[in-house]
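Novice: Please construct the entire structure, taking both the sequences and the accompanying hints into account.
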Amino acid sequence: MFNYLKKLLVITLLTFIISVPAKAETVLNVTDWQAGVVGITDSYAEFITNFEAANPGVKVEYTQYTFNTYLEYLKPALSSGTGRDVFPLFPGADFESVYQAGHLLNLTEIMDDEWKSWLGESASIPDLMKDGSLYLAPQDAFTEQIWVYKDMIADLGFELPEFGDSYTVDEWIEIGNAAKEIGLDGLMFGPVESWCVWDGYYNMVQQLNPTYPNDLMLQALNGEVDWDQDVFRKPIEAYKKMHEAGVWRADSLGMDYQVQAWGKWIAREGVGIYCNGDWFNASAPVEHNTLDNPNIYKMSYPKISKDSPWTYNKATGTNAGININSDKRDIAIAWVRYTNSPEASEIFARNGVIPVALAAMDLDLLAASDNPLMNDGIRMLATEGRNTTIYYPHAEEPKCLYDGIMEVFLGVATIDDVIEKMNKCTGYSG
Amino acid sequence: MEKNVQKENYGAKFKTSPYFYIISRIVVYFFIAIIIFPLLYTLSLSLRSPETVYSARFFLIPEEFSFQNYVIAFTYNFHGVTFPRMFLNSVIVVTISVSLIIILSIFSAFSFSHLKFPLKETLFNVMIASVAMPAQVLIIPLFYILLYFGILNSYQALIFAYAGFLIPIGVLILRMFFEQTPKEISEAAIADGASDFQLLMKILLPLAKPAIATCVILLFLDTWNEFVYAMIYLQNPELHTVPVALAKIGTSRYYISIGAYSAAIMITIIPVLTIFAIFQRWFIAGMTVGALKH
Amino acid sequence: MLSKKFQTKTLFYLLPALVIFLFFNIIPSLTSLILSFFEFSGFETNIFRKFVGLKNFIKIYDDKYFWIALQNTFLFVFGAVVIQTAIALMLSIFIFFGNFKNSTLVRSVIFFPCVLAPVSVGLVWKTIFEQDGVLNSILGLDISYLSSVSLAIWLIIIVNTWQWIGYNLVIFYAGLQSLNTELLEAADIDGANWSAKIFSIVIPLLWPTTILNMILNLVGGFRAFDIVYVVTRGGPAHYSEVLASYLYYWSFASGGPGKMGVGSAIAFVIFSFILAIGLLRVIINQRINK
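Protein chains in written order, with our numbering: chain R, 1 to 430; chain G, 1 to 294; chain W, 1 to 290.
Keep in mind that the hints were calculated from the coordinates and are not lab data. Do not take every clue at face value.
[Claimed, not checked] Taking lysine-lysine and the BS3-like style, the derived pairs with C-alpha atoms no more than 27 Å apart in a straight line are:
#1 K424(R) with K59(W)
#2 K9(W) with K424(R)
#3 K130(R) with K50(W)
#4 K183(G) with K209(G)
[Claimed, not checked] Calculated from the model, a selection of chain W residues having no Cβ within reach of chain G, i.e. all distances over 10 Å:
#5 F37
#6 I68
#7 V82
#8 F112
#9 A244
[To be verified] Which bits of chain G does chain W cover? Going by a derived footprint, with three or more residues having C-beta under 8 Å, they are:
#10 30 to 36
#11 131 to 137
#12 163 to 176
#13 235 to 246
Source: prediction; values computed, not measured. In this text, a Cβ means the ideal position worked out from N, Cα and C, and glycines have one as well.
Specialist: Structure, rendered in structure tokens:
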């Protein structure tokens, strides 16, 4: 026994000798939460090769986390000053917090004219700016959408809406009913991921927004307007109607989007998939996404009524921030700049990711790739319509909204309850 | 073999009634069925071809056998880091953690059971209470501390983090066991002039083999599947452990079919089974020593 | 008791473990308890910047989901401490005295789920519990278990019990094997029947082991996070949250409130409960020893 323990002691002491060796060259540390997103991962692999070739002595270390665990890494890291040189952020509440904590480099100040020209209008996306300056560099763009299988729609006897238009709530109920008769779901819906619920809600609010382009939703979340009005009620009513009509299965309330809803849609258990988007352009089932068989159609969130304006949730995906405390600032800036360059944009496009730096690219060339979903995605980004922002700096108010809508789904609260709660949560005072 | 089975299951020699025999069989087999079913289900999912992953006879017999899921799972890599490497990482972390914790627990449990010092019970209660703290709560402060000691992003980070919150469990189990050792033996040893150290090493420890074996199993479980700290404190992909890999696959935004995921689970189980099988004998041998003391 | 008084050499036995425990457990825990009086998102370099006193505690007091999480935690802990321990006890007795030829195999099989990663266990069971999953197919029903406000927590309890029964079983079995057999032999000679032997002798003798299992399950119950997160993510709409998962939601969830101070306040609550139970144990022990 004693000998055994001695051996154990030796092994334990040996661990102090095992340590990560220090690297001699400059290492740029880059991270994101896109673990498993094929388009981004493949694009980055090419970026790294090219960047290292163009910058001898520099090595890029790219660590990916999953969407759900990214913050578990990022918070302690930034807090203790060990954050990576380049890290993306979810615009909205996280961006607000990190900006307030002073970790981000002001990009407007360091961007040269050529870089700005690549980005064009994207260099001044409001979601990514604070106090008039850009702090997060957008890389890829997407529209959040509903995707449907064209053949299923045809089988059920419906017609696809004109490109850019979408089905109304009532039409979705009809589709849902027809689908159920042949054992399919109307929509695959994964509301365990809360953004799935509120992004659709914001879209419907913007459809009804009488003061567009003024962001009424922002005012509501700020507690500046009364929630007890049609523009905020009707979307909840629409959701409730669709849920009770069974457009999506009852089990949806316990389903997440990215694994279950998406997985089931790929398995053709439902006609459409909700809160999906261009990020999956490269991940759609290949047999339904070729130029010979472009079987997937994109459309926006449900319209409240036939004459609702076309409204889109257009946004940027991985938005890179540069760590103000990075000791490799120049290299970090060069890297981020590179990801916005035409060369990088081409790589993105080849891998099914829509680059945000479209201003520098030949759009006709771009929209003629062999990925129909990619082509349609670019088309949709260029289609005129109302725009819904999906990133608000509030953390608790959207949570209240989500909880409220879910409780309506679950039948444990009425819409009036939710309205009342939202007024309380946002601090609206009469 | 015969002799060992008899020794380790001497309960069998006590008479029970036929009713007991029947009831025990029914209950135990029922539970075994419940335990086994999901495991067989996972196995079945992993062996189905990706197209037929949702259909099977009696849920268990695949319509189409295929190893494709295993190929997908095996070739899944994170920036060049593959499953075998992650296994190695897990094995290293777990072996060293468990060894360290056992050694430290033995000595400190002894001080709780046989020595006196102020605030003993208070410290013990605090130790037990501390284990209840969920990992998420300690993440940020512990991050700072690991950073301060300069061991972040290395095996040591996990080893010390695990030691910190698992030592109480080792102490709990071993203290209970040490205290249950008949006093006559201890007193006889002291009367013979044994020092504390000799008492611990020559008498208590050999008798404590079942408890130590139990400890090893529990500690192994708590560290092998630990995923929250592993994900955060081991930032290099080269250092990732198995649960981190599974978590990444299972919650990946790119759809990994349930079939491939099941294959990944199966892959991680097989080495564990082997370790298990080897370890079993030591565990049982430890049990028989306990029976011998009569 | 060896020494009647405190000797400094005791420190040598205790110190290494104590130092590690202190630095890697107590200090982080204390820090987080203190942090429950602050508001921070976790990104700030100085997390102690914004002192808010009891605001976080008031916030959870007013939060209906906190009380749901608390209730669920008690249910979960009850399930673990009472139901799981009882089943494991029963199984261990049946296996031990039931003259099974392959008792090692039987025990290994039941123990096996313990070595599976909770993430994997959760995902597989999720498939089973889906509306179009195995369970409904077997029962011929079409119920949505995962979206049921009342059932969701029980699903988690079932999955957790399924996984960890083997853990308790192993400990019970070790206890059974170290039992003093003289009483049993005497009972045999006296011709006692099996139920008397089991209930009057074995179970009382197993009491320390039972307590150990209950403590381990209790502590594990308060900590349990992985299972909840994977099977339901605390859903639907927070109705299956337990304290540990709700804490995570407040601190780290993407799209969550991002207020780690509140998370720390929830941790404070957990810690208080366990400490209270520990104190209870000490008081009971003192009463017994009188």
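Novice: Could you tell me which of the hints above the structure violates, numbers in ascending order?
Specialist: 2, 8, 9
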